[in-house]
Amino acid sequence: MEEEKGALVQGLIDAVNQIASIGDYSCAVKKEYCNLARRLKLLTPMFEEIREIKEQIPEETVKALVSLKEALVSAKELLIFGSEGSKIYMREMWWLLVPSVNGSEVFGLDDIFQSTSAPVLERKQIMHKFHEVTARLEQALSRISHENLDILEEVKEQVELVLAQFRRAKGRVDVPDVELYEDLLSLYNKSSDAAADPEELRRLAEKLQLVGIAELMQESLALHEMVSASGGDPGAIFEKMSNLLKEIKDFVQTENPNLDAPAREKNLPPSSSSAQTTAVGNHKAPVIPDDFRCPISLELMKDPIIVSTGQTYERSCIEKWLEQGHRTCPKTQQTLSNPALTPNYVLRSLIAQWCETNGIDPPKRPSSSQPSKTKFACSPAELTKIQILLCKLSSCNPEDQRTAAGEIRLLAKRNADNRVAIAEAGAIPLLVKILSTPDSRTQEHAVTALLNLSICEDNKGSIISSGAVPGIVQVLKKGSMEARENAAATLFSLSVVDENKVAIGASGAIPPLVTLLSEGTQRGKKDAATALFNLCIYQGNKGKTVRAGVIPTLMRLLTEPGGGMVDEALAILAILASHPEAKSAIGAAKAMPVLVDLIGNGLPRNKENAAAVLVHLCAGDQQHLADAEELGVMGHLVDLAQNGTDRGKRKAAQLLQRLSRFVEQQKRSQSQTEAQAEQSLSQSRAQQP
Numbered sequence: 001m002e003e004e005k006g007a008l009v010q011g012l013i014d015a016v017n018q019i020a021s022i023g024d025y026s027c028a029v030k031k032e033y034c035n036l037a038r039r040l041k042l043l044t045p046m047f048e049e050i051r052e053i054k055e056q057i058p059e060e061t062v063k064a065l066v067s068l069k070e071a072l073v074s075a076k077e078l079l080i081f082g083s084e085g086s087k088i089y090m091r092e093m094w095w096l097l098v099p100s101v102n103g104s105e106v107f108g109l110d111d112i113f114q115s116t117s118a119p120v121l122e123r124k125q126i127m128h129k130f131h132e133v134t135a136r137l138e139q140a141l142s143r144i145s146h147e148n149l150d151i152l153e154e155v156k157e158q159v160e161l162v163l164a165q166f167r168r169a170k171g172r173v174d175v176p177d178v179e180l181y182e183d184l185l186s187l188y189n190k191s192s193d194a195a196a197d198p199e200e201l202r203r204l205a206e207k208l209q210l211v212g213i214a215e216l217m218q219e220s221l222a223l224h225e226m227v228s229a230s231g232g233d234p235g236a237i238f239e240k241m242s243n244l245l246k247e248i249k250d251f252v253q254t255e256n257p258n259l260d261a262p263a264r265e266k267n268l269p270p271s272s273s274s275a276q277t278t279a280v281g282n283h284k285a286p287v288i289p290d291d292f293r294c295p296i297s298l299e300l301m302k303d304p305i306i307v308s309t310g311q312t313y314e315r316s317c318i319e320k321w322l323e324q325g326h327r328t329c330p331k332t333q334q335t336l337s338n339p340a341l342t343p344n345y346v347l348r349s350l351i352a353q354w355c356e357t358n359g360i361d362p363p364k365r366p367s368s369s370q371p372s373k374t375k376f377a378c379s380p381a382e383l384t385k386i387q388i389l390l391c392k393l394s395s396c397n398p399e400d401q402r403t404a405a406g407e408i409r410l411l412a413k414r415n416a417d418n419r420v421a422i423a424e425a426g427a428i429p430l431l432v433k434i435l436s437t438p439d440s441r442t443q444e445h446a447v448t449a450l451l452n453l454s455i456c457e458d459n460k461g462s463i464i465s466s467g468a469v470p471g472i473v474q475v476l477k478k479g480s481m482e483a484r485e486n487a488a489a490t491l492f493s494l495s496v497v498d499e500n501k502v503a504i505g506a507s508g509a510i511p512p513l514v515t516l517l518s519e520g521t522q523r524g525k526k527d528a529a530t531a532l533f534n535l536c537i538y539q540g541n542k543g544k545t546v547r548a549g550v551i552p553t554l555m556r557l558l559t560e561p562g563g564g565m566v567d568e569a570l571a572i573l574a575i576l577a578s579h580p581e582a583k584s585a586i587g588a589a590k591a592m593p594v595l596v597d598l599i600g601n602g603l604p605r606n607k608e609n610a611a612a613v614l615v616h617l618c619a620g621d622q623q624h625l626a627d628a629e630e631l632g633v634m635g636h637l638v639d640l641a642q643n644g645t646d647r648g649k650r651k652a653a654q655l656l657q658r659l660s661r662f663v664e665q666q667k668r669s670q671s672q673t674e675a676q677a678e679q680s681l682s683q684s685r686a687q688q689p
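Here the sequence shown stands for residues 1 to 689, numbered as in the UniProt record's numbering.
The hints are simulated quantities; they were obtained by calculation from the structure and are not laboratory data.
Note that beta-carbon positions come from the ideal geometry of N, C-alpha and C, so glycine has one too.
One or more hints might be untrue.
[Stated by the list, open to error] For lysine-lysine, the following DSBU-like pairs were computed, each having C-alpha atoms within a straight-line distance of at most 35 Å: (1) K156 / K246; (2) K31 / K246; (3) K320 / K302; (4) K331 / K433.
[Said to hold, decoys possible] Here are the in silico distance ranges between beta carbons for each label pair: (5) D646 / G549: 32 to 38 Å; (6) Q666 / H131: 53 to 59 Å; (7) D361 / H326: 30 to 36 Å; (8) R168 / D646: 26 to 32 Å.
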């Protein structure tokens, strides 16, 4: 039963991770689909908490989780269509969801869409699929009795927030762009010999995001796939959409003779949302992803934190907002249920990785503005209980120590108030002291209590200054499997503070993390992977990680059938690949066939990371370029350059440029060799009597 629960919860986590990897939705559905994906990502902490519950879960909750998994699969299919389907088709069909605009009935498209054959997704299906999926998710989620489960209060509040958002979203669709609708209608209704209005075509190209070779090719492929799926009888709707696409393409080509250039670099005149241009020539700085910007300042976040509504802000901005007397979330205008500010460690790590990938110095958290302590209220009875537990913890009785450590572990897990109160009462040095106890259960309780306490930002410094890292590393080496898993998770939590990455790397933590990555349970491997990834953001830890033997382990995880660690292994490889020792080790591990296969057949994020590794591997290495070209990587890269994530497109373009130069050099070299051979042969013949 425990294995079945574990498999079910892991399936839910995997489904959400796959949804998180989908991006670049059609502008017609971007807001709705991004909101849906964002809400689903907020459920991951609940799934992780359920995975840790040792008690049996009620049968009704298990059934609800099964239903939720099925709903997530439907949501994933819907989101993939919104990402990869035709932008023109999606825009038109989304209009059918809206009964009126400014009080007037929408008409005209019904006549346009009349066809004797049904499209790939029938009109009725398009109209109701989004709301059907939302309703299924809300229904399944509401059946999970999360309030009766032993999970963090913050997680319960987050789930309730997601539920409330799903309920509000049912049956609601934002009114689309009226001007865009009118332009579409005008072009559809014009006679075949009439010239299209260039301004209408310009607006359509910009609003449908069809302004570059990659976008136009992707749209053409999407329409062709829909025609194929219709059994070769596409009907009038596809004919009209194909004609419209042809007009847009002709217009863009006329406006942009250099259409073969990278998307959006030589296309339509830039708008206000164009990439930022640096002062050096025409080089463009990387555009900061919206998720990495603070909604208040619109700047790259240095210290992202989460408020009770689930929104993330730059700490200094939201603190200033609250100091001005506001009690609402600036973005959603919802009342904040509590003043707690929770660090968004995952986003901070993603921002750091993005900065390194784009050659930007990671933003430093301001040293002059340390997080201000939030006032928490613990009752006198609770404070008395904590003091009693600390007395037991400091006693010489092993049984008292074990019991006290276990209770502190649970109290620290329960809520933020307890985490602050326990730390302020002086528990951290006592917990650090008993990390070296020979009693494995006490050791497990102690390291897990430190993990739970480290969730509070202010406690991280106290844990480090109490000398906890050597003890945590010792548990990571010698403890029980659960203790080792929680030790790895603790190191990850502490390593989100930049200066701690250096201290943890110097403490000898990396080799046992690599060992856990190799031989741990599924949860242990993931804990080790997240810790290693975060530590390797610091350049000085990369060589240590390679020397600890991580590359062979990562290669095994990449090729292990059903291992479920491909995402994590590739992410670590991608962040290590810039290091010379890592590049050498990856080459020695015969990684090329695996990387080429992942670029061709992996998930979008995995394609991106595999291409990133290949960029470093092929830099200045003729043999690797020859191997990649021989394995047929060119076709995969062309597809990635057209259909991949933004970063994946950039990496594919870099590789295609290098491979093209390499192939050209090979041809020139071969021509020279043949010419020299011909000349030698002619000379030898001339010398013969």
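Structure-based check of all given hints:
Only pairs whose Cα atoms come within 35 Å are accepted, and K156 paired with K246 is rejected, the gap being roughly 51 Å. Taking the CA atoms of K31 and K246, the gap is about 27 Å. The hint holds against a cut of 35 Å. In summary, the hint linking K320 to K302 is supported, as the alpha carbons are separated by about 15 Å, within the 35 Å threshold. Our distance criterion of 35 Å between C-alpha atoms is broken by K331 and K433, whose separation comes to about 44 Å.
Checked against the hint of 32 to 38 Å, the pair D646 and G549 passes, with Cβ atoms roughly 33 Å apart. For the pair Q666 and H131, the supplied restraint of 53 to 59 Å holds, since their beta-carbon distance comes to about 56 Å. Here the CB-CB span from D361 to H326 is close to 32 Å, well matched to the stated 30 to 36 Å. For the pair R168 and D646, the beta carbons lie near 31 Å from each other, so the given range of 26 to 32 Å is met.
In terms of the numbered hints stated before, the structure departs from hints 1 and 4, listed from lowest to highest.
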